[in-house]
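Trainee: One letter stands for each residue in the lines below.
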Amino acid sequence: MSRSIEISENQRKFLLESLKHGFRLTDRPFDHVRDISLYLSPTEYGYVEVSWGKTKLACRVTATVTTPYEDRPFEGIFTINSEISTMASMRFDTSRSNEEILIARIIEKAVRRSNSLDLESLCIIAGEKVWEITVDLNYLNYDGNFIDVGCFAVMLALHHFKKPDISINGNSIVVHDINERQPVPLSILHIPICLTYSFYNLTDKESNIKGEDADEICLLDADLLEELNRDGSLVITLNKNRELIQLSKNGGLPISAQQFLELTFKSMKTIDQLTDLIKTKIKEHEELRYKTENFKLLEASADR
Amino acid sequence: MADLIVPGDKLPIEDPSTVKTTIGPGVYKMPTTHNLIPCSSGVITVETKNSNQLVYIESNNKRYIPHTNDFVIGVVTGVVGESYKVQLQDFSSPVLLGFMAFPNATKKNRPNLKIGSAVYARVLQDIPEIEAELECIDPTTGKEGGFGLLDESGYIFDVELNFARELLFNPKTVFLQLLSTKCQFEIAIGINGKIWIKCGEGLKEKTSDSMETDEEDPATNIKDLRTTLAAANFLIKCQHITQDKLKAELTNAFKGI
Amino acid sequence: MAFQVQMSVLDNSDGSAELIIGNTKVIASVSGPIEPKQRQELPNQASLEIIIRPAKGLSTTREKLLEDKLRALLQSIIIRYKYPRQLISIVVQFLVTDEDPKFTANELNAAINCCYFALIDADIALYSSFASVVSCITENKLIQNPTGKELSQSDSHHVVCFNIQEGKADKILLLESQGEFVQEELFNLLSESVSNAEELHTLQRKYLKEKIDQDYIWK
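Heads up: the sequence lines are chains Y, A and Z, in that order.
Mapping of the first sequence onto the UniProt record's numbering: position 175 corresponds to residue 175, and the numbering continues sequentially without gaps.
Mapping of the second sequence onto the UniProt record's numbering: position 158 corresponds to residue 158, and the numbering continues sequentially without gaps.
Mapping of the third sequence onto the UniProt record's numbering: position 131 corresponds to residue 131, and the numbering continues sequentially without gaps.
Among the hints, erroneous ones may be present.
[What the hints assert, rightly or not] Partial chain A-side listing against chain Z, Cβ under 7 Å, derived:
#, residue
1, Asp9
2, Asn35
3, Cys39
4, Phe91
5, Cys238
6, Gln239
7, Lys245
Honestly, the hints are just simulated from the structure, not real lab data.
The model shown is predicted, which means the values in this text are computed figures rather than measured ones.
Just so you know, even glycine gets a beta-carbon here, dropped at the ideal spot from N, CA and C.
With these hints in hand, go ahead and build the complete structure from the sequences.
Mentor: Next comes the structure, spelled out in structure tokens:
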């Protein structure tokens, strides 16, 4: 008996009727993401906390030295752990429910399988020693849309993380403490951002041939109530270079190919916005760290 | 007396073996020693009247526990035997609402509740070891008395339990008085933290067989809808601000309507 | 030493608290009394579901052991007879930790103290308040609230949790000791910890008062 959230007909009807008249219950525009608040750890590289509205999660990146896989001696190892506990919501109480697996797989496809992290740069001694980068996603509060927030948090944490510097002496390596030598940021090739669109069929009829009067409503970044009442969803992952990374539409309300292409083009605005947010936040954080930890004194170069 | 008491503290009362004592929420009587201890953290109130003392602890929480005579709003989630299965809160144990617990109910005259319907009911029985029971009859008159189905034109939202108690038990509550200056509304307050509210006619659904007249202005159709949502948002926001900011919040919630 | 608490931080939980103590940051969520699963149900008491999640990696037997210790403590302090056939679900998530993984003292201490605030936030009935203190002994010297470094250099480390009756530490609810130490050192540690726990309780009252003021801010 898995736990479920009961929605009264009243809430459902209000939601659908509002959508029919062009507004969400929270008065957010259909193609806007919620308010984002970010926390980057000032003491530990690779720990971030991200909130999109009331959906909160914490993400940590850690690195250890290990032996590579036998069939890939030049590549490092990159794993993402994303288990959802009942802290996020009591409905995630059975381990590995379908929803949880889907969220984990989409984030993995978007970040790991798209080679956003350059695995060859993690190689230390080919065939013997490589970096193993582990990302732990801890979901703290569920208010819809774990996929987008999860992917965003992983990319932010990867940018924030710095691995210890290494010197190689023949076959042995020395891992330098981060206070001894400046740690090295990861080599990130591109920044995949996931966007989830939710669909609602508000007329009673469903048309098999999608013509020009497509009257499905399409929302970006659904919160909990919107997510529980949707008829279908689509996850598009793109990066700033207009490359399509992955796409997931598992059943649900059919939409026309035309509408799908339009959504992809419209997404670019939000993708740019979110990618810039990551970059600015990291830059701000770097500057703050530079000032507070007096890096200027540690520099061995002269100002021209 | 506005004093903080936490579990482990001594209750500031006369010895219960000498004075007749009534205990309320937050105070626990040890079954073996009959000692009274505080089991919640909150503001303690001790009242003495006619050599009877009353002690309880006022605290806030989100999880509702059914008690007899509470007025609650529940959502019907199914049918079990001769009763409806009703959910008072997400993940709580379901409670039962018998088919016969309605005025003028007979074996043939069953109430018409579907899954997802909201009802306003009274907790009839709250034995902790078994499922609680609700009924939709006013115990004093035997008639409906405001209980029963809450129709779908009203919006339901959640608040914290202490705020729900304030709205329901304080007849001069400033929040509802202030809200009434902006709109006319009908409200049902459940002590389980759920509130049903309808401004004007609330949600008017366009029935599919009514002719669509072009003269009907779509804006007026949704005015009541928007007002209802604004009223709900206002009440939700009221829980977290001080009273001096209420008027500003009210204007903010109703702007554009 | 840093000590900071924020209560009611999570929306979906009935009670939650985020605690920063020293260099350890932990968040706990409590939901209950709610419907239990069939196998969890107890006929005349509440059953407790305790889940501890580490800051790095996946749960291992290390976390299972911590869950066991926390369960032993909470089982006796929560008035379980008040909620028969119900479930109280407690999840503790470590966000930032300071010690080498082979030590669990700082984490256990943080988890216990955080659970106190989360249980109060959820308004779960408790027999009394409780406060936990961690210390270590290095070369006969007692160090209260050690950092991860001090812990790894110590001869023995101890976590002791007292229940607090009328502002005074009354009984020992939990005592976890590891390492080499003599009886005299232990008894000395216990009496130092009593005053530490009582100070902690004063801090607890301060935060609880703030919470009440915040809960009734609309009055």
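Trainee: Would you mind marking each hint as holding or not holding in the structure?
Mentor: Here is what the structure says about each hint:
no. : hint   : verdict
1   : Asp9   : 6 Å, holds
2   : Asn35  : 11 Å, violated
3   : Cys39  : 4 Å, holds
4   : Phe91  : 4 Å, holds
5   : Cys238 : 6 Å, holds
6   : Gln239 : 6 Å, holds
7   : Lys245 : 10 Å, violated
The earlier numbered hints that this structure contradicts are 2, 7.
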